[in-house]
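Q: Next come the chains, spelled out residue by residue.
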Amino acid sequence: AQSVAQPEDQVNVAEGNPLTVKCTYSVSGNPYLFWYVQYPNRGLQFLLKYITGDNLVKGSYGFEAEFNKSQTSFHLKKPSALVSDSALYFCAVRELDSSYKLIFGSGTRLLVRP
Amino acid sequence: GAVVSQHPSRVICKSGTSVKIECRSLDFQATTMFWYRQFPKQSLMLMATSNEGSKATYEQGVEKDKFLINHASLTLSTLTVTSAHPEDSSFYICSAGRKGETQYFGPGTRLTVL
Numbered sequence: 001a002q003s004v005a006q007p008e009d010q011v012n013v014a015e016g017n018p019l020t021v022k023c024t025y026s027v028s029g030n031p032y033l034f035w036y037v038q039y040p041n042r043g044l045q046f047l048l049k050y051i052t053g054d055n056l057v058k059g060s061y062g063f064e065a066e067f068n069k070s071q072t073s074f075h076l077k078k079p080s081a082l083v084s085d086s087a088l089y090f091c092a093v094r095e096l097d098s099s100y101k102l103i104f105g106s107g108t109r110l111l112v113r114p
Numbered sequence: 115g116a117v118v119s120q121h122p123s124r125v126i127c128k129s130g131t132s133v134k135i136e137c138r139s140l141d142f143q144a145t146t147m148f149w150y151r152q153f154p155k156q157s158l159m160l161m162a163t164s165n166e167g168s169k170a171t172y173e174q175g176v177e178k179d180k181f182l183i184n185h186a187s188l189t190l191s192t193l194t195v196t197s198a199h200p201e202d203s204s205f206y207i208c209s210a211g212r213k214g215e216t217q218y219f220g221p222g223t224r225l226t227v228l
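Chain order of the listed sequences is A and B. 50 is the number that our numbering gives to position 50 of the first sequence; each next residue is one higher, with no gaps. Numbers in our numbering are just positions in the second sequence, counted from 1, shifted up by 114.
In case anyone wonders, no lab produced these hints; they're calculated from the structure. All figures in this text were calculated on a predicted structure; none of them were measured in a lab. Backbone N, C-alpha and C define an ideal beta-carbon position, used for all residues, glycine too. Hints are not guaranteed to be accurate.
What the hints assert, rightly or not - With a Cα cut of at most 20 Å, we get these calculated EDC-like pairs of lysine to aspartate or glutamate:
id: 1; chain 1: B; residue 1: K155; chain 2: A; residue 2: D85
id: 2; chain 1: A; residue 1: K58; chain 2: B; residue 2: E215
id: 3; chain 1: B; residue 1: K155; chain 2: B; residue 2: E215
Claimed, not checked - Derived, one-sided and incomplete: chain A residues facing chain B with beta-carbon distance under 8 Å:
id: 4; residue: N41
id: 5; residue: L96
id: 6; residue: F104
id: 7; residue: T108
Go ahead and model the full structure; you've got the sequences and the hints to work with.
A: Rendered as structure tokens:
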């Protein structure tokens, strides 16, 4: 079965500094990987996805993620954090069957301090 | 593009009553909609997958007679929580997508059962 792990419950970073939110995956084939962000009492917003192609994927709001097959990782990054980036971030992998279900990680809370 | 709405955003009801939540894809036709439940400070738990014109597929442990799902058109799915009890209080989120494509999420519905 597909799975993703987000090893950090919370990441703290100062505004202006680079940020990384970690995600590792376990899949039986080629992974379809996603990052979503959730603000308080809101649904999830799509940030970016990796299906195939370049290992560095660029997404919304200046975020990017690097697919690393050897390390089975898909870490989310941003060169310069903003206070408004503070939110809950979810990594997800799509099931390879016809259901197209997403399997979510446990989530990482990002706190960017001024 | 890819906007998904949910209605209502918040609902309070008495124990024993039924509550209907609507999920609409506003600018695209969604062959598949998903319903999730999220407990405070936790990840999303997939409840069921809803395909237009067919019966929903429920995840293990989700009572299909309690959580009725209808996907009558390519832009509308509804979740009805029947005979709601306080333990059904939660944040319910839907997502919509076309087969194989990115899922886009609604803003969520906060259900409180008194």
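Q: Give a verdict on every hint.
A: A quick look at each hint next to the structure:
1. B:K155 - A:D85: holds, 18 Å
2. A:K58 - B:E215: holds, 17 Å
3. B:K155 - B:E215: violated, 27 Å
4. N41: This interface hint holds because 7 Å falls under the 8 Å limit.
5. L96: At 11 Å from the nearest chain B Cβ, A:L96 fails the 8 Å test, so the hint is violated.
6. F104: Holds. Min distance 5 Å.
7. T108: It is violated, given that the least Cβ distance between A:T108 and chain B is near 10 Å, above 8 Å.
Violated hints, in rising order: 3, 5, 7; the structure is consistent with all others.
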